[in-house]
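Letter 211 of the sequence shown, counting from 1, is numbered 211 in the working numbering, and no numbers are missing.
Simulated from the structure, these hints should not be mistaken for lab results.
It should be emphasised that the depicted structure is a prediction, and the values quoted were computed from it without experimental measurement.
We put the CB at the ideal spot given by N, CA and C, even for glycine.
Hints should not be assumed to be uniformly reliable.
Said to hold, decoys possible - DMTMM-like cross-link-like pairs, simulated, lysine to aspartate or glutamate; straight-line CA separation at most 20 Å: (1) K113 <-> E151; (2) K298 <-> D347; (3) K182 <-> E99.
As the list claims (entries may be wrong) - Derived CB-CB ranges, DEER-like: (4) R144 <-> K301: 36 to 42 Å; (5) E112 <-> N149: 37 to 43 Å; (6) N149 <-> D54: 29 to 35 Å; (7) Q179 <-> E99: 32 to 38 Å; (8) E63 <-> D244: 48 to 54 Å; (9) D97 <-> D352: 23 to 29 Å; (10) N358 <-> Y252: 49 to 55 Å.
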Amino acid sequence: MHPIVYFTDWVKAGTIAFGLTTTYVFQPFEDFSRDARILQDITLEQKVVIFEDDLLKNHLTSEDIFVYERPINTGDMCIWNGVHVGYRAIRYGYTHDLEDLVKLKRFMFTLEKLQTHPITGETILLRGRVKRADWNRNMPLGYRNFYYNDEWVWQEDASGDQFCGQVFGLAMAWKYGDQEVKDFVGILARDLYLYTKTNGFHLKNSDGTQTKFSCQGPSVTSSPMSITSYLVLTKLLALQYPNDLEVRDEYYTWAIKWNQIHVAAHNVAVFLWKMKYSGINQAHLMITAITELETNPKYLKHYVYGLRRGWKLLKDHGFSNWTYLMYKNCPKKITVKDLAIAKKTLDEFSTDKKVATNIDLTTDTTIRHTKWDGPKGVQPYPVWQRPAGDYIWQRNPYELIGGDAGNEYSGLDFLIAYYMGKLYVAL
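Make a model of the complete structure from these sequences and hints.
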């Protein structure tokens, strides 16, 4: 690897570490100490049934691809479809129920559809695709690399976000699926690996051009999340094909020889308290996947170090999924209060509050506000009271203004966090 890239990676990791440290000291928010505000006083198990039923009825295309938003938006289908497959895997990992295995096998084929061109059948990572008959927006949609014909609507120009979601789905399905699932995931992972490596560690469109945010390999501009994503993919291949010298050595070369494990351990990137919540969510997805797959204790401790740094930043935000993953890897660092906050957040989800409205909470006097970065609340707002969004674990819980009125979202965010709690904590 070029010496400049090697040096840049050390600087990148050090800068992120410095940013996290200063954020701990200067962030304007308080410990999560407020009483619970429960709009819908039903059990978590009842919410699971309601959210699951709604997801299956209203948030799937005719190809079974998960639709995170209605009206359908193809822009981020690949990310959230990968999270949906990950949810199916985690759920089966906990229940070991035959019906959940059947659903995991049913939905793992959607990963193939989102890395296959609908016309040519060639390997390509898509942002999203639907059959023309499923499409419920006016044509055309003014966005990059959006295409349609009489049968299909699809969007190219995939970025590291889509790569992250796809790899998360592959990793979790491999971790918790049976041998049939592992073998199928191995084929998809190899195709994605060869496609990306052949293109010089870049994502490309069907016309051969690089996508706007294409780089998935070591470079000055590579994001820590993209680096972690590629480590997850190569580790999965090494586990699935232990006798394949190329894939067996690829992970070691990336992680150790090229020192990318150092960058990956610092993949939670912020600047003071100005959180980039979408990036934080992707960091969580990848740190979950790599800690699930890594079998070498020496390497695992690097990733767990990154997990601990990220959780320290977010532990008072009510991000249940971070707390549950921390409990799995560092149970002695998690207190009864931490688990209570995680459950409180799940309790505050409402199955009746999934349609976005324009929210303005600046006049709400029940939670004190800060003007350091805002205005924002100094305590996280209840999930049902915040501006609705596609995935609550990437949204700022202190935001007072926002929300696109009229969009309808699924309960996938609740479902995956709930089953992470069941699997990792015995919630």
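Evaluation of the provided hints:
| no. | hint | in the structure |
| --- | --- | --- |
| 1 | K113 <-> E151 | 15 Å, holds |
| 2 | K298 <-> D347 | 37 Å, violated |
| 3 | K182 <-> E99 | 18 Å, holds |
| 4 | R144 <-> K301: 36 to 42 Å | 40 Å, holds |
| 5 | E112 <-> N149: 37 to 43 Å | 21 Å, violated |
| 6 | N149 <-> D54: 29 to 35 Å | 31 Å, holds |
| 7 | Q179 <-> E99: 32 to 38 Å | 19 Å, violated |
| 8 | E63 <-> D244: 48 to 54 Å | 31 Å, violated |
| 9 | D97 <-> D352: 23 to 29 Å | 28 Å, holds |
| 10 | N358 <-> Y252: 49 to 55 Å | 51 Å, holds |
Violated hints for the displayed structure, listed by number in ascending order: 2, 5, 7 and 8.
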